[in-house]
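Going down the list, the sequences are from chains A and B.
For the record, in the first sequence the residue sitting at position 25 is 25 according to the working numbering, with numbers rising by one throughout.
For the record, in the second sequence the residue sitting at position 96 is 96 according to the working numbering, with numbers rising by one throughout.
Everything labelled a hint here was simulated from the structure, so no lab data went into it.
Hints may be right or wrong, so weigh each one.
Identical copies carry no separate label here, and so any pair may be met within one copy or between two of them.
Straight line, CA to CA, 25 Å or less: simulated SDA-like cross-link-like pairs of lysine to any residue [said to hold, decoys possible]: (1) K84 / Q63; (2) K79 / S93; (3) K28 / Q55; (4) K100 / P14; (5) K48 / Q99; (6) K100 / F76; (7) K79 / Q99; (8) K100 / R82; (9) K100 / G16.
Source: prediction; values computed, not measured.
There are 2 protein chains.
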Amino acid sequence: MRYLLQVDFPHSGPFGEELTNAMNDLAKDIATESGLISKLWTENEATKEAGGIYQFTNMDDAQRYLKKHTERLTSFGYKNIRGKIFTINEALSALSVPQK
Amino acid sequence: MRYLLQVDFPHSGPFGEELTNAMNDLAKDIATESGLISKLWTENEATKEAGGIYQFTNMDDAQRYLKKHTERLTSFGYKNIRGKIFTINEALSALSVPQK
């Protein structure tokens, strides 16, 4: 079973290439997290928000990482950090794959 | 550029295989949405929430689908539907892929 962690928070910038440059080392470090399958880095300059969509192999790592990452974001000065963990319904997700 | 749509809402059930059976036809219909790359169906029986993580090829289809899906969920009786659209930072997401 895959576990999905959804995180988002208000973010005033940087965005795009500037965000890439600022978060380059953190992105590489996150790749080493136990249980991580993938992270999609998300951002919206219009609504001034950013976040991440993670997949983990197990709930314990998803919960451990959410605590660690929330503490890190708080230390960076972020507030109103929303984190939610779900399981992925694999059968329904497979049915929603577009046919090419 | 890929666009990520994140939707979640309070959901009292069904979950798991019962949800799969109830939403089978809708999942197939969603596969035909213009611009859709993928949908991950998300659910959490403990927190009584469900949702979806979508990728779209373009912003217009992401916005169009969010409006359509929010109206559909509302017609099903769901309330407090949260929908957020982001762009995916591809460079950072590539750096966060675990090395096997």
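Verification of the hints:
no.	hint	result
1	K84 / Q63	both (9 Å within a copy, 22 Å between copies)
2	K79 / S93	between (32 Å within a copy, 23 Å between copies)
3	K28 / Q55	both (16 Å within a copy, 23 Å between copies)
4	K100 / P14	neither (36 Å within a copy, 31 Å between copies)
5	K48 / Q99	neither (34 Å within a copy, 31 Å between copies)
6	K100 / F76	neither (43 Å within a copy, 30 Å between copies)
7	K79 / Q99	neither (41 Å within a copy, 31 Å between copies)
8	K100 / R82	neither (35 Å within a copy, 30 Å between copies)
9	K100 / G16	neither (30 Å within a copy, 27 Å between copies)
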